[in-house]
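Engineer: Using the hints, position chain B against chain A.
Residue numbers (UniProt numbering), protein chains in the order written: chain A, 1 to 980; chain B, 1 to 462.
Please note that a few of the clues may not be correct.
Claimed, not checked - Okay, derived cross-link-like pairs now, SDA-like style, lysine to any residue, Cα gap no bigger than 20 Å in a straight line:
#1 Lys185(B) with Leu151(B)
#2 Lys733(A) with Leu119(A)
#3 Lys49(B) with Lys733(A)
#4 Lys908(A) with Lys276(B)
#5 Lys908(A) with Lys281(B)
Because the hints were derived from the structure by calculation, they are not lab data.
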Amino acid sequence: MQAPVELLLEPQHIQQFQKELNVLLAKQKNFGGKEPIVKIEVCQKESIRYYKGDNKKQNYLKIYVVQPTFVAQIRNFLKSDNRMVCDMELPQLTFESNIPYALRFMIEYDIVGMGWIELKDYIIRENKNKISSCQIEVNIDCQFVKAIPLDEKSEIAPLRILSFDIECAAEKGFPNEEHDPIIQIACIVKVHNRNEELIRVVFTLGDCEKIPGAWVKSFQKEEDLLNEFQVFFQGLDPDIIIGYNIQNFDIPYILNRAQNLKLKNYGKFGRIPTDQSTIKNGKFLSKAMGMRETKDINIEGRIQLDMMIHMMKEHKLSSFSLNNVSFQFLKQQKEDVHYSIIYTLQNKNPETRKRIAVYCLKDAELPILLMDKLCCLYNYAEMARVTGVPVNYLFMRGQQIKVASQLLRKAKHYDFIIPTEHFKSTDQEYQGAFVLDPVKNFYKVPIATLDFASLYPSIMMAHNMCYSTLLNTSPFKVGLADEQVTVSPETNAIFVKPNVRKGMLPLILEDLINARKKAKNQLAQETDPFKKAVLDGRQLALKISANSVYGFTGAQVGQLPCLEISASITSFGRQMIQFTRDTVLEHYSKKNGAEFDAEVIYGDTDSVMVKFGDYSVEKAMALGREAAALISKKFIQPIKLEFEKVYYPYLLMNRKRYAGQLWTKPDKPDKIDTKGIESVRRDNCFLIRKMVTEILNFLLIKQDEKSAVQYTKEQIRNLYLNKVDISELVITKSLNSKKEDKDNNNNNNNNNNKEKKKNQNEDDGNKLTKNYKQKQAHVVVAEKMQNRDASNAPSAGDRIAYIIIQGAKGTKTYENAEDPVEVLEKDFPIDFDYYVNNQIKKPIMRLFEFVIPNPESIFVGDHTMSRYIPKVNINSALGKFVQKKTACLNCKKVIKDNEALCNFCLDKTLEMMTKSSIKLQELQINYHKYWTTCQSCQGSLLGDILCSNRDCEIYYKRIKVQRDLKEQWDEIDKLYAQQQ
Amino acid sequence: MEVEKNIDTSFIFEKLKSHSEKKSQHQRIGLEIKQSTKFYLVPRDKCIKTQYCNIYSARYLNLVKRFQIDSEDPQFIELIQKIQDQKGTIKAIGTLFKEMKLKPYYFSQNQNKALQGRSYIHIQDYVSNEDVCYLEDGSGRIKLQISNAILCLPNKKEKIVNVSDLVTGITLMIEGQIVANNIIKVEKFYLPSLPETPMLKQLNSNSYLCLISGLNYNALESTTKYRHMIDYLQGNLYSGEGGDIPYNISQVIFTGNLYCKLEETLDQQSLQQDFKGVFSKIQLNIKGVDELISQLASVTPVAVMPGENEPVSQMLPQTPLHRSHFPETFEKEHQLILLSNPTEFTLGDLKILGTSGQNISDIKKCSQVKNQEDVDLLEMTMFYGNIAPTAPDTLISFPQKDQDPFVLQELPNIYFVGNMQKFGTKMVADNVRIVSVPAFSETGTICLINLSTLECFPVIIQ
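With the rest of the complex left out, here is chain A (with noise of 0.2 Å):
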């Protein structure tokens, strides 16, 4: 804090001061008998925030205490209103106050979290005053821990990774810790940057067979197979433990259900032996994730490694489940097996109970491969090391803590403090980047993109934008002439030029960009595949890290919010666009010179799209290039615009929303590039997403509009004559738990305002949509479920897929949402129109808008006019009063039951059979091959087939395959027997 002017700064003074604050501290607070402060010294820093002249540096006083949470104690209560020490008043405000202590000590001595240090005059303590689990325990004095620079170590320690799986059984339902026992746990073990695994264990309750591979240990009593993973895992000791949505299941499970058994010791699975784990339920909110409910276990000196969480903050997918994540990045169809089928497993012999193994198993190394594939560890190291934060925290923390580690970091190095604000909430709002507006149109004429390099940092390198830098009075009032300042246009905020003083802001973002530039040098040269992955996530690491600066100052709920620079920044960047923008219309106009008239037809933060005129791409690249150079030189280093790709042809649909084939090179084209189209979005059914590709094929590739119309048309009839595969219609969603539903309700009668605002916050949260008073599909389509097998319902979490069928006249359209299994086992007919309007036609639409004069026209005319008629249903409402009768195949007249012509077509026999045959053929070779699919996917051919993976596709095919297959074989056994 700032020492109190009235101070005296002799040391006895000092002393005196530090005493009787230490009495007040003490009446006020429970600092459990001990004197908090052990030392207050004066040194000469100055504040951060606003530039105030030159070397303004005042006198603070550094408290040092006894314990670490002292510190947040003592910041209270000169939060208080009684803070007269003295007879001064304390100053409220705090400096660097709220860091983590072990932060704080990694700040003090540079150590960057996964980096190596080097221990100088140290003693190893012996065994038996050892306080932790670790093979080796020192005692030191600080001032000899030394960092090693990355660039003299950089390799990672080989760590022990255990990753694991649970498998409880519950008789109904999703488990419950209270009374659903866990019956296996799979480990694997694997040391960081050896391919081979060490051990597979596998811990299961009741008798189970062996498992090639594998070390199956069986326990009678759940117990003595929690007590044995413990023992397992203290004798591991493995410093990273993985797995796939361990923190908010697997672990806590373990913990709870221990508790529920009363075991004794239970839970320690930490370094240091006295500590159990506990958990937490903890917010995380995160601009990434919004909001979500976690738990926090805490395992000491361990580092947790949640694959699924990893998944969620990095990786943009339709599902997070396991198979849905292994099958896009690993290229593997995971076998799926039910929870209520394990309990089945579970209960039949060590046949069975061995089957649960090698899918638990499964369970277990999915993550180690997903993390390898990721390279997971390298990115999350050279996080750690970049910013110098300790790697647990980036799981666990977001991105501020980042920045703020490498301000302190830079401000420490350069005499400045940080101060400690409390959270002011403001409403405060401020313009963000520009968007001009899309000239929306299908382009047949090469698009060049000029992108701003990283704008943002560049922004602010460029102007020298910091804290440390902004003016809060007038410049002149400083002693600083208007040439020494730059005054961002609109926000008119005012920072000292960089000759004046060089902001923390700056000098961090510069020397991340050179790291980067050195990272991506070394990349180049480097050949072996481990170290290269080291500089690819180091490179990675860094950009992501430049590029979360500006989030920080930006950040209003953040350690150290300042719109001032946050807002000015976008200022800059709307003007270099706009400025961008004018230059090209005036340099590349037929005034000018040019062949052509250009036209920037879209421009979004960073990037300004330009058509210079119907060129070929080649021209336009070469006219791009020549525009980025010349437009850059406008500019202050490191501002730098480039010219990147060309997009031919070009589809811009709206802001955000564009396709395009796009070119790096002018001979060939490289990929099909979209943004914000409905390729990936989950709630879709795979038709639209499937569709939508192949109409962006035919327009951009093969420039073919008359085709791209007809296949959409083709695929019209053949959804309304039923010839779409039901797996392409099927729609998901993801249930909340039933207790929230019921909870929800109740609430929403009670007290409806109150709830609202509090629904829509988990809404934000959720990302789902819950109103309880009108229904949705996939809510009744699990009560549907829930009714007809209790033990098979889904429970909260699950994802639900269902179908929209014909209903009767005037039903809503979630009471005609269906399982898709049901579906396709009672034949239940499609509502073809619901999917032709509500979830096709909007996306074609807007696809088609700019490319034929009239898309509405698609959605007309004969392809619309053949409707599939479903046979009449005995399984639907009206089939109830309909009696089922056989008609002739040939002539549809009403025959016998045991008949498949009627007398006056029994010529036709040769005909009918040949063509029942035909249909029965590809039946046939599509029953085989779905069949065998799911027979290797298993990763067994003497083990039934068990998976319902309803993210797989395969999985509603191979049903519907079946039933259509014995329907089509029946009719054909028929026409044999007929004619015998």
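Structural biologist: Relative to chain A, chain B alone:
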């Protein structure tokens, strides 16, 4: 015989027929075909929900008994899962699974589709260098390292094999070293022992079985060669040495692919629109074949098996063709027997087993045996104890509940496979004749087997 232009050919046929009938009546020995029920399908209601794994289990249980094991042998592990308790050399029995990267699984096909736009290239050959073999029994699966391993055949001979020689579905005993967790370096493979050799009863007189495969009849092309064949079989074409053979044929068997392959591939989409046109072609072929068989059946007993090209169920075992495919033949009440594919029957006292060729073609797709003679592949399936090891993995077949019909329970006297590339024949064991019957449309070859001596030879009809 005078043949003038513009003379109605059916008149000539009538004449020829009456001529040959006279000759055959007293010379041909009637032998009765008795089909076994082995390749008849169980009622579908019970089976359609059955999964393919049951075939593998049935196969394993059936064949495991046929290995010679010394139960005292410490190297032998009864179940693969017990491999953990072992070190060094082990022996184990299991079913082979070859993981093939190029195999057209559902997903790989989709991926190919995505790569090649809309033109999906059909892969004819699934073999690649990345293929890996596993050995599996009910208790687990182990990975095999195979490099020039020795395959010990039941006839005491040995062969050097590599991954590319093997196919999924063979039941084997391995002998090899544990080289890593769950990986065995195979030194030797053993095959199950052959079932007992069958008896061969001498017949009183010379009598022949005639095998014809792959007519691939196409009404739009010249059908002369078929008429020549009929002429020959009726004894009208050839005189000289062996000229009396046709009169001694007691049974003709057509082993699949009577009709030529459809050029059009019809799926559910195009079936409605294009069916009539395609059917008119099919109908011509069906009629043509019916006429041929009707003529032949008037002089000698005929049996037909369906094959890959026939418009009937494709899953093995294939159900027989139907009466309505041979309206003329049946109308004239000729002796025509409709067989399944594969088929197993007794002809007199001889046990006969045959297929229309899909089993061997599929093995060719899955292994690098192209330079081997077809008849050697036939022999290998005898040694495997299973005539269709790749079913159901790559060979489309019916999901059986508790049996694997393709397992050889007993050795037949004659085992023939139709629609092969080349004629070939061998005696596999005493009284066991195997024949690879080449497609008639390609080679003009028919095969004759002397039922007394099992002597076998081709006759080429130009």
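Engineer: If you test the structure against every hint from before, which numbers come out violated?
Structural biologist: As far as the earlier hints go, 2, 3 are violated by this structure, in ascending order.
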